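All chains, please: the whole structure from these sequences, using the hints.
Quick mapping for you: the protein sequence lines, in order, are chains V and B.
Each residue of the first sequence is one higher than the one before, counting from 1 in our numbering.
Each residue of the second sequence is one higher than the one before, counting from 1 in our numbering.
In short, the hints are calculated from the structure, not lab data.
Among the hints, a few may not be true.
[What the hints assert, rightly or not] Lysine-lysine pairs mimicking DSSO-like chemistry, simulated, CA-CA at most 27 Å apart:
no.: 1; chain 1: V; residue 1: K113; chain 2: B; residue 2: K13
no.: 2; chain 1: V; residue 1: K113; chain 2: V; residue 2: K230
no.: 3; chain 1: V; residue 1: K117; chain 2: B; residue 2: K13
no.: 4; chain 1: V; residue 1: K120; chain 2: B; residue 2: K13
no.: 5; chain 1: V; residue 1: K120; chain 2: B; residue 2: K197
[Said to hold, decoys possible] Label pairs and their in silico Cβ distance ranges:
no.: 6; chain 1: B; residue 1: T67; chain 2: V; residue 2: E61; range: 33 to 39 Å
no.: 7; chain 1: V; residue 1: G258; chain 2: B; residue 2: T67; range: 29 to 35 Å
no.: 8; chain 1: V; residue 1: G114; chain 2: B; residue 2: I26; range: 19 to 25 Å
no.: 9; chain 1: V; residue 1: I293; chain 2: B; residue 2: N138; range: 29 to 35 Å
no.: 10; chain 1: V; residue 1: P60; chain 2: B; residue 2: L91; range: 35 to 41 Å
no.: 11; chain 1: V; residue 1: T174; chain 2: B; residue 2: T168; range: 47 to 53 Å
no.: 12; chain 1: B; residue 1: T67; chain 2: V; residue 2: G91; range: 45 to 51 Å
no.: 13; chain 1: B; residue 1: I26; chain 2: V; residue 2: K230; range: 26 to 32 Å
no.: 14; chain 1: B; residue 1: T243; chain 2: V; residue 2: K230; range: 42 to 48 Å
no.: 15; chain 1: V; residue 1: F297; chain 2: B; residue 2: A264; range: 32 to 38 Å
no.: 16; chain 1: B; residue 1: V19; chain 2: V; residue 2: S201; range: 18 to 24 Å
no.: 17; chain 1: V; residue 1: G258; chain 2: B; residue 2: A264; range: 36 to 42 Å
No experiment lies behind these values; they were computed from the predicted model shown.
Note that beta-carbon positions come from the ideal geometry of N, C-alpha and C, so glycine has one too.
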Amino acid sequence: MGIAEQYTENTPDSRYEQTVGYLRRNYRAYLLIAPAALFLLSVVGYPIFETFRLSLYRAPESATTETFIGFQHYTTILNSQIFYQLVWQTGRWVVVSVFLKTTLGLLIALHLKGDIKGRKFFRTGFLIPWGIPYAISAVVFRWMEHPQYGYINAILLKLGVIEQGIGILGNPQTAWLGVVVADAWIGTPFMAIIILAGLQSIPDQLYEAAAVDGAEKWHQFRYVTLPQLKSVLLIATLLSTIWTFVSFDVIWTMTGGGPINSTATLVIWIFETAFAQGNLGLGAAYSVIGFAILGVFAVVYLRVYTSGGEEL
Amino acid sequence: MTMAGHDRSGLRKVRIYGVLIALLGIMMFPFYTMFTSTIKPSQEMFNSPATLFPQNPTFEAYFQVWTQTDVLLWIGNSFLISLGTVALTLLLAIPAGYSCARNDFVGKRTFLLAVLVVQMFAPVVLIVGLFDVIVQLNFYNTYFAVIIPAAAFTLPFNVWMLYGYFKTIPIELEESARIDGASQFQILTKIVLPLTKPALVASITYTFLYAWNRLLFVLTFLTDSSKYNVPRGVFSMVGALQTDWRMMLTVSVIGIIPLLILFAFLEEYIVSGMTAGAVKE
Numbered sequence: 001m002g003i004a005e006q007y008t009e010n011t012p013d014s015r016y017e018q019t020v021g022y023l024r025r026n027y028r029a030y031l032l033i034a035p036a037a038l039f040l041l042s043v044v045g046y047p048i049f050e051t052f053r054l055s056l057y058r059a060p061e062s063a064t065t066e067t068f069i070g071f072q073h074y075t076t077i078l079n080s081q082i083f084y085q086l087v088w089q090t091g092r093w094v095v096v097s098v099f100l101k102t103t104l105g106l107l108i109a110l111h112l113k114g115d116i117k118g119r120k121f122f123r124t125g126f127l128i129p130w131g132i133p134y135a136i137s138a139v140v141f142r143w144m145e146h147p148q149y150g151y152i153n154a155i156l157l158k159l160g161v162i163e164q165g166i167g168i169l170g171n172p173q174t175a176w177l178g179v180v181v182a183d184a185w186i187g188t189p190f191m192a193i194i195i196l197a198g199l200q201s202i203p204d205q206l207y208e209a210a211a212v213d214g215a216e217k218w219h220q221f222r223y224v225t226l227p228q229l230k231s232v233l234l235i236a237t238l239l240s241t242i243w244t245f246v247s248f249d250v251i252w253t254m255t256g257g258g259p260i261n262s263t264a265t266l267v268i269w270i271f272e273t274a275f276a277q278g279n280l281g282l283g284a285a286y287s288v289i290g291f292a293i294l295g296v297f298a299v300v301y302l303r304v305y306t307s308g309g310e311e312l
Numbered sequence: 001m002t003m004a005g006h007d008r009s010g011l012r013k014v015r016i017y018g019v020l021i022a023l024l025g026i027m028m029f030p031f032y033t034m035f036t037s038t039i040k041p042s043q044e045m046f047n048s049p050a051t052l053f054p055q056n057p058t059f060e061a062y063f064q065v066w067t068q069t070d071v072l073l074w075i076g077n078s079f080l081i082s083l084g085t086v087a088l089t090l091l092l093a094i095p096a097g098y099s100c101a102r103n104d105f106v107g108k109r110t111f112l113l114a115v116l117v118v119q120m121f122a123p124v125v126l127i128v129g130l131f132d133v134i135v136q137l138n139f140y141n142t143y144f145a146v147i148i149p150a151a152a153f154t155l156p157f158n159v160w161m162l163y164g165y166f167k168t169i170p171i172e173l174e175e176s177a178r179i180d181g182a183s184q185f186q187i188l189t190k191i192v193l194p195l196t197k198p199a200l201v202a203s204i205t206y207t208f209l210y211a212w213n214r215l216l217f218v219l220t221f222l223t224d225s226s227k228y229n230v231p232r233g234v235f236s237m238v239g240a241l242q243t244d245w246r247m248m249l250t251v252s253v254i255g256i257i258p259l260l261i262l263f264a265f266l267e268e269y270i271v272s273g274m275t276a277g278a279v280k281e
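Printed below as a string of structure tokens:
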């Protein structure tokens, strides 16, 4: 190839032609993903941009005018006491709820693993709490925890644990526990099903080999089950952490974030600020903080997800 | 096997079923309280402490609920919203999943990862920005205001689910159909989609449940009470001063019946949908 030809090969013109040629060969592929891509760009991508923009404005829900105020909302947030209270309450909410879900889910999965008669019956039963509206579960838990008519109080009274009905949800010290229990109940089925699937993909030979070596049940669990289950457990707890962090319906239905904000988490506060108080700009600023936290989770999740050499 | 071994495995079985039944009992307890409360006469329901077993069971609440609440309307709206979301999601996800499974193109990896990230972007952190979009599009207080966000957040799962499944269908099937003169569209609808049935059922069930169960979008984007879905309807019965617990719990029981039927028939698909992605073969 001569120098002159090489030169023309690299002119913008021929690169343009190459691109056109590529598109001409592949336009169908792009045409098919275009509707989904455009839809997500406008319904998810644009609102992300819009949230960032709004967070720099004073924007009351009722008014049509927005005033640019720069980072004022962010300084307001960082200087407010409620923000640090929310960080602590959100952290406590996520850690306790995910811990309960994982432990209960693991317990259920380990017992469903073997040669169980009626596995379909049990599996369906354990699955149902996950599949019904969270608002309905929340209402039922609210009823169960009712200080006068609730079943939990009735049981505790019968057992002699308490002498008179207690209002779990009405007390700022205990309300978060009453809500966490409901959220854990809803999230346990997912953990159980995922862990069960993980358990069933562990080759039997590993257990046989361990049995030949004389490994006790506990040792089998410690040295075969847990290591084999590691990646599934990691993905499941990560997803569960994300979902618990953004869980809205349960808290909003049970307590609305009260009493005196004791059950409010960051996402509850986004809604409270933006829609209950009608301050869209400040709500948007809280959302951006939510993005940042979710962003960290998302990066970790993608790392874990693609680390197994998953082909895209 | 020795006698001792027999006894041990028998004991093990007893222990396993014992634990399973106890765990299932704990998980079912809220349903027990829900249902038994609704079959108590109203004065018994407000006994303190509660009677754990209804003394005088009656179904009177179930007759009252039709006249005192809008339960049928809410169920109808839930169906409408769920079916609309399913239709929109599939319309977008099938072509996208198919394209990614069959073609190698610049930007495919970016697209698929971006979709995965959307799944992480929970609706509630986006709700303020979404509110602006819904208002600007003039969808506020219409069914679209609920269907569109629901479709956006179920689309990622659907794209990945279908993409994964389309990849497993041998391309030879499509090539031979093409030789027989079938068009692209015919190949998709007559050959590929029928083979994709398990993934489609899982997708549809997941999307249907998601849209049926969501309170947030209806709470934020619908003010017209005649458009409420089941969760929003139940929530609307939570009063600031007084709550009609009896009617609310009865509506709740009725509102989950369609879901229980769905579960009984489609459990297998629901499980395969839940585990897709999380567990690698």
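Here's how the hints hold up against the structure:
no. : hint                         : verdict
1   : K113/V to K13/B              : holds, 12 Å
2   : K113/V to K230/V             : holds, 17 Å
3   : K117/V to K13/B              : holds, 10 Å
4   : K120/V to K13/B              : holds, 17 Å
5   : K120/V to K197/B             : holds, 21 Å
6   : T67/B to E61/V: 33 to 39 Å   : holds, 36 Å
7   : G258/V to T67/B: 29 to 35 Å  : holds, 33 Å
8   : G114/V to I26/B: 19 to 25 Å  : holds, 21 Å
9   : I293/V to N138/B: 29 to 35 Å : holds, 33 Å
10  : P60/V to L91/B: 35 to 41 Å   : holds, 37 Å
11  : T174/V to T168/B: 47 to 53 Å : holds, 51 Å
12  : T67/B to G91/V: 45 to 51 Å   : holds, 47 Å
13  : I26/B to K230/V: 26 to 32 Å  : holds, 27 Å
14  : T243/B to K230/V: 42 to 48 Å : holds, 46 Å
15  : F297/V to A264/B: 32 to 38 Å : holds, 35 Å
16  : V19/B to S201/V: 18 to 24 Å  : holds, 23 Å
17  : G258/V to A264/B: 36 to 42 Å : holds, 38 Å
Checked against the numbered hints above, the structure breaks none of them.
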